[in-house]
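Chains A and B, in that order, are what the protein sequence lines are. Just so we're aligned, residue 0 is where the first sequence starts under numbering that gives the first Met the number 0, counting upward by one. Just so we're aligned, residue 0 is where the second sequence starts under numbering that gives the first Met the number 0, counting upward by one.
Derived by calculation from the structure, the hints in this document are not laboratory data. Do not rely on the hints blindly, as some may be mistaken.
Which residues of chain A face chain B? A partial, calculated answer using Cβ under 10 Å [what the hints assert, rightly or not]:
id, residue
1, S22
2, S24
3, E68
4, A71
5, G74
6, R77
7, G101
8, L104
9, D113
10, S122
Beta carbons are placed, not taken as given, at the ideal position from N, Cα and C, and that holds for glycine.
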Amino acid sequence: MRVRFFVALSVLLMGAAASAHHSFSSEYDASKPVTLNGVVTKVEWMNPHVYFYVNVKDDTGKVNNWALEMGAPSGLQRQGWTRNTLQVGDIVKVEGSAARNGTKLANARNVYKDGKKMGAASSEGQGN
Amino acid sequence: MKLRLIVSVVAIAAAFAAPLAAQRAAKPSAPTPHWPDGRVNLGPEPGGKGHWNTGVGNLSEADVKMDGAFLVNRADLDKVAPFQPWAKALVQYRLDTLGKDDPHPRCIPPAGPRQFNTPYGLEIVEQPELKRVLILSGGGSRSWRTVYMDGRPHPTGDEVNPTYYGHSVGHWEGETLVIDTVGFNERFWMTRRPTGMVHTEQLHLIERISRPDFNTLKYEVTIDDPGAYTRPWKAGWNVPWTTEEVEEYFCQDNNRDLQHLVGGTAE
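Can you build the whole structure from these sequences, using the hints too?
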């Protein structure tokens, strides 16, 4: 309980460091939250945003490959990430906001791996 | 249970944040560093490290309530700057469409005041032997501006070649670096906040940069653009120092924003 509390607290405080080079709301809609569970198929540890891709089964059983945007590598490193944190084949849960362009794209707010909440250096809530 | 946890996290975070903020405010910064000849040092001390941690800062004449790059109250736009009608209409459109047309995510340089509120850092490097100051942007397209300190005049007439960063000349007024810039093109948005602020090729900036203490860069700018505003106006903000080095960042690297920037309609 105490551990969860401090993890939550540190995520809350670290959020202030996140930033981006585009306005969050020009690409994503905070009123359309998504939660995705699936298998990581690709990781692009690059600027200006780290992207990773997850195969997610929809309600009909069809598998869709979702693209997830996070912050820059430097922002993620400040939250404890490394370039090896996510690997192809990892099973993850992702909480985020859907893209406005209607594709299988979302801005990740939190990534969970092995039950651990890892943040995503997202610009959501920063209005960046 | 979950609700109680969230409530307690928020309450305790708030309780922690207030004293921490007070401590930060109360803890005196180290004094403004100087070079042996007495000039203010606008960077790290010899052997030290760090840079200016840009990202905050709102280009507005009056304090207005912001939600990131956007105004909370539409009516506050008149408090931001003395717009000419066309300029106000264009900024309102850009706000209403959620900044979807911003050139910056297309990796256009963060010129003008935007150099001082673009994320991923800023360094001010003096080259006194060359009579130049370089202002290096860590974010965006990772570009820089040269400020000529040798007394040269601005180009005039057909010599003017409008560019993103324009033509900057500077001098010291005591502890303040004063930079005068003209010759801007119109292909960038001159601030990150509020999004969409307009300018024309008539833009003339006077920037005053000082370091009141080790951890603070004070940025003040006068915006004189008779093409877009009814009179010159001022804005400014403080940029905090961080002891981390600037990390490599290139907007051009894996930029997928072109397909994603669809904007929308503000409520």
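Hint check:
no. : hint : in the structure
1   : S22  : holds (4 Å)
2   : S24  : holds (5 Å)
3   : E68  : holds (8 Å)
4   : A71  : holds (6 Å)
5   : G74  : holds (9 Å)
6   : R77  : holds (8 Å)
7   : G101 : holds (9 Å)
8   : L104 : holds (7 Å)
9   : D113 : violated (20 Å)
10  : S122 : holds (8 Å)
Hint check: a violation occurs at hint 9 only; the rest are consistent with the structure.
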